[in-house]
Amino acid sequence: MAQGSIHAILDQLNHIILGKPQAVKLALSCLLARGHLLIEDVPGVGKTTLAHALASTLGLSFQRVQFTSDMLPADIIGVSVYDREQSVFSFHRGPIFCQLLLADEINRASPRTQSALLEAMEEQQVTVEGEAMPLKDPFFVIATQNPTHQIGTFPLPESQLDRFLMRIAIGYPDAQAEHDLLKGEDRRHLLQHLSSQLSVSELLNLQQRVNQLTASDQLIHYVQALLNYTRESGRFVSGLSPRAGLGLVRAAKAWACIDGRDFVLPEDVQSVLPSVVEHRLQLTDNSLQADWLSEMLQTVPIPR
Amino acid sequence: MQFILSRFRRAHSQPRVFILPNRYGYGFALLLVVMLLGAINYNNSLAHLLVFLLAAMGHVAMHHCYRNVSRLSCKPGKASNSFAGSHIQLPISVSNSSAQAICQIAIASMDNEKFRSWLPFRHFTRYRLRQQLTRLEPQQTQTLSLPIPAKQRGWQKIGRLRVSSVYPLGLLNCWFFLEIDDEVLIYPKPFGNKPMPNAGEGDEGKAMTQMVGNDDFAGFRRFRPGENHHQIAWKALARDDILRTKQYTMPSAQHRQFRWQDVADIVGTENKLSQLCQWICTAHQQGSRFSLQLPGQSIAAGNDSAHFHLCLRALAVYEG
Amino acid sequence: MKASRPAPPKVAINWLMATLVLIALPHFLHLPAWLSIIFLAVMGWRLMNSLRGWPLPEHHLLLRAVHLLLAIIAVVLVISQYGMTIARDAGVALLTVLLAFKLLETRDIRDYYLSCFLGFFLIATQFFFQQSMLIVLLMMVNVLLLTSCMISVNDASSSIRQRLKTSGVLLLQATPMMLLLFVLFPRVPGPLWGVANDYVEVADSMPSRMTLSGLPSLSQGQTGISEAMQVGRISDQVQSDAIAFRVRFADNTIPPNQILYWRGPVLWHTDGEQWQPLATDTQPSQPEISFDEQHRIDYTVTLERHNQQWLFALDLPDSLPQGINAAMNSEGSLISSEVIRKRSQFNLSSVPDYQFNARHEPLLNYALELPDDQHPQARQLAQQLRTQYPEKTDYVQAVLNYFAEQPFYYTLSPPLLSGDVIDSFLFESRHGFCEHYAASFTVLMRAAGIPARVVIGYQGGDVNSVDQILTVRQRDAHAWTEIWLDEQGWIRVDPTSAVASERILSGIRGLLPSERRMPRAFADSPELENLWQQLREHWEAVNNAWELWVVGYDPTRQLELLRKLGMKQPDWRSMAQWLTIGMLLIFIALAWLTLRHKTQRDSVAEAYLDFCRRLSKSGVSINPAEGPMTLAQKAAQQLPEAAADIQAITSDYLAVRYQQQPDKAARFIEKVRHFKPRSHAR
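Chains as they are written, first to last, in our numbering: chain A, 14 to 317; chain B, 266 to 585; chain C, 86 to 767.
Bound conformation, chain A alone (with noise of 0.2 Å):
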């Protein structure tokens, strides 16, 4: 069954996206991997449809938040209400008891905020009153953030950065896919028509065995080599973590799974690779963003 449903759902994907294959099988990946996504682009290239394409496709109850400096942690969580009728306080479950959370310009949101959402992602539940509550399963959180630094913006701390596991850009589509775009129906008004191409039982299934996909040795000492690179070289104000090279060969094996395969190839590292450790690592010579990460890729051989 799986191998058909993901081409069903890839399919429906890019019928909606237009142009971006690349981008949405990362942000597949990155949902089958149990990761949570942040999408880094300018406004107007489909962030928040390709959010509400994936909850319709997988079948996930969806909320969608617009996160703004004043916004306090309870507006996302939920408050307790006075009910006076019964004389008791009642929970008001806020946005975050859904599915899939997009969390839109999350850097616009004070630290306090920010880190009530992240802590929700890392933990699965929420806390309220000292009681706490497991949030759905599946969850998952993707955030969008402009990528020029602006006033009046948090940019979010390396270390809750880590929370996610990858980070994509979608960018312009390019001429072609713009085309159809332009001459093609409202995105938005086909959104209500798309089907769920999986229930949420399959969506378990199918992130179990991601879990279950094969990494062999030679391919783990190929993760520790790019690891040990980062760590090495000196390139880098500080190495990957150990917490990343997990989230690498995790969403390797999702991406191996969406090619079809059981089992984990050096070239799956390299596709995801960009996405999964791109935001976890700042560059000690920051006036020259060069393409190191090919560089990376080109420089650490596979072990034969």
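In short, the hints are calculated from the structure, not lab data.
Keep in mind the model is a prediction, meaning the values are calculated, not measured.
Heads up, the beta-carbon is just placed ideally off N, CA and C, and yes, glycines get one too.
Hints may be right or wrong, so weigh each one.
[Stated by the list, open to error] Listed below are several chain C residues computed to face chain A (Cβ distance under 10 Å; list not exhaustive):
#: 1; residue: V689
#: 2; residue: Y693
#: 3; residue: P713
Since the structure of chain A is provided, determine the placement of chains B and C on it from the hints.
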């Protein structure tokens, strides 16, 4: 004690490995000679034994030192382009093909090509330590990055590297050379304090709005939970009972033009290029679009990484 | 542009300190206490710098002055203690002081190495004082630690265990070369420029006291048999276990204990208490000796140094010793041409049955001398017995009977004698050991007109049943009498045997207190006693071999060993030849040992690299950072004819490497072997 030794690697393409005692090695040899004379003078058999033990240790150490260096294979990668005055980062992947760990390898690069001396020890003062490898386990590969000073704008050859070690006892120095013919493009050093030329007439106001926030009203949108209550269009609500928020958009930035005539008042070609380089870096960091005009060359506006490097490259190879 | 040398890491300095204290520890036994204290105090200063950050001399001008002052005081103290002459003790003391102060001011790598080298030197100086197996074991440990110190300064990141392991490997791999050099390195007989006095004077394994000498000589130098004998002035004979010499008999047949008289100097003159040899100006011609050649004993003596010229031989040698330059004097004693300053070895043959100056003895007058007005009671006894037994042999027997029948006791701790020592021994105390009996017997002989003289030397010895080596110790020292009879010459008479025949028959061991022989705990059970005995003999055999072949390995020994190993004409040339060959072999062995693992690569990787090589020959560019799938696609595009093969090989490779199906390895290797991309291309 130890004779000058240079042994050869079996494989054809691999570099020749040299081994020589260093100053402490000669000191050790002197110690042994003095101790041997003492042992002979006092007819002390056990003192002979100690001298022989130490001499044999020196010999064993030579083998270990040679193995330590000769079992290291180095593959230099492609160095990144860099700014004059900063460092070229040359990635080197080192791997250990022996069954024991490789320890304490120093990689130095040629620093002072012109230095000449007939003294063998002084010869190595031409090399400067760039990177140290503390320990490499058997059958492992690691990637190091060698910071090599980027000296002048233009193409720079990386030249000769010296990979050496005195491990384990520090009495012998074992080394081989790596010849790297790759050339790296060095961009001008970014400096200068001239303010950045403005994008055009009246652009300053727009730049301000871009900095302050989203002031351009763009329309309404249906309210979604979590949205800022201040942005709710209350008047519209009164009209048709639908919660809406006011939407704002950002103005797109005008592109900046960096032209040769903007730096005409700066003395010296290099300083001019440095100033241009400074602007380009700043603009790139701010994410704004810019174009570059040099005598006989003009690069259209852009703001992505490729454009950034294209402009820098033009500055680097500029021949006034 | 002189680059400053890097400072050694603190860990390395702490290690070096610990090691140097361990190296200096044995020296504390003989260094003056104040010096040990200065050494430890200076080390403590440095240690507090490491632990608590106390300032070092380099940090403060005042401290630098204190450091300098302390160093000067220490050197002055050393000079005042030992004087200005460069001698062994002074040298070691100076080296220790120097080392401590050098370590205190160790700032950079060069200082560190200098400290290490001085440490090696200090290890070597230990052999001036001790040469036991234990001290060599300690040397190995010290070298191991000092080497790990040198490693720690080069590889500070490694753990203590790693460092010790590395230096252990170095030590172990160095052993063959060490042994080869030890055996074959041509030994040069020393000394090259002269030897410090105190090194010669204090023999390493001998105490500075002597059994037979009148005074327990605590002063340096007087060891072994002295050339004089004083009776009755010491109460407790010092029982020393120090070895005087070792004997190996030809064919390992050891003669019975009662003929093992090891002849040393002969004493003639006496003043009543002290006995002395002949004055040198009265040395006459060669003695006239005839031997009964039937019982001839061949043996080799290894004599410890005793700083005199005597050589000890089984009574009586029929030829001059081989391997040493010596002559026999008129009294039948062997005298070396040089003072025995080092362990010496010589071959001898002796015949126990002999006639010495049977026809004529030119020195008879000296053998009858007695001091006037002394020993009146002894003279009276002699007179009385002589008239009773006119025949000389009867008289001798009567005197021996007198010793045997009267209540005389053999004891190693006799009472002190006063006044006329001979008379008070013979008629009052009657407790004594060999020299009391020898002296009084000789007096009784001379008083009766029979020429007599005292011979001193050793009697008996311990036979080790393991290596059949007879060890003669200082406690085996003995004195006996020789009398001259017409037509028979000098005859040995041992009055001690009349009193205590077991001393002569089974040696002195049986007379020692039992705790001197074995631990008290073992004495109760015969099995344990037996076991103890066996262990002791094995240990002594090992020790004998050690002393003879390792400590005593010198040019002569070297030639002997090489001859035994089959070298016909060992000289420095042939030694150098063999040494070169041996070193070359070790060099090759070590090179193989260190470099052999290079080709240990797994065959799958080898085959895959081979596959890549073949592809690159066909024009496909190979990038080591490129994945196998990417490479396969690229190659299949460029070589469409070989695409199927490339796909098959790659899928097998993926199966082995990434799908954990190692069973496909053989098939993969086989496929690569038959892969020929170029033949497809044509």
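Quick rundown of the hints versus the structure:
Satisfaction of the interface hint for C:V689 is found here, the shortest Cβ-Cβ separation to chain A being roughly 8 Å, below the 10 Å cut-off. For the restraint placing C:Y693 at the interface with chain A, the shortest Cβ-Cβ distance is roughly 5 Å, inside the 10 Å limit, so the hint holds. For C:P713, the suggested interface contact is upheld, since its CB lies about 7 Å from the closest CB of chain A, less than 10 Å.
The structure fails none of the hints (numbered hints given earlier).
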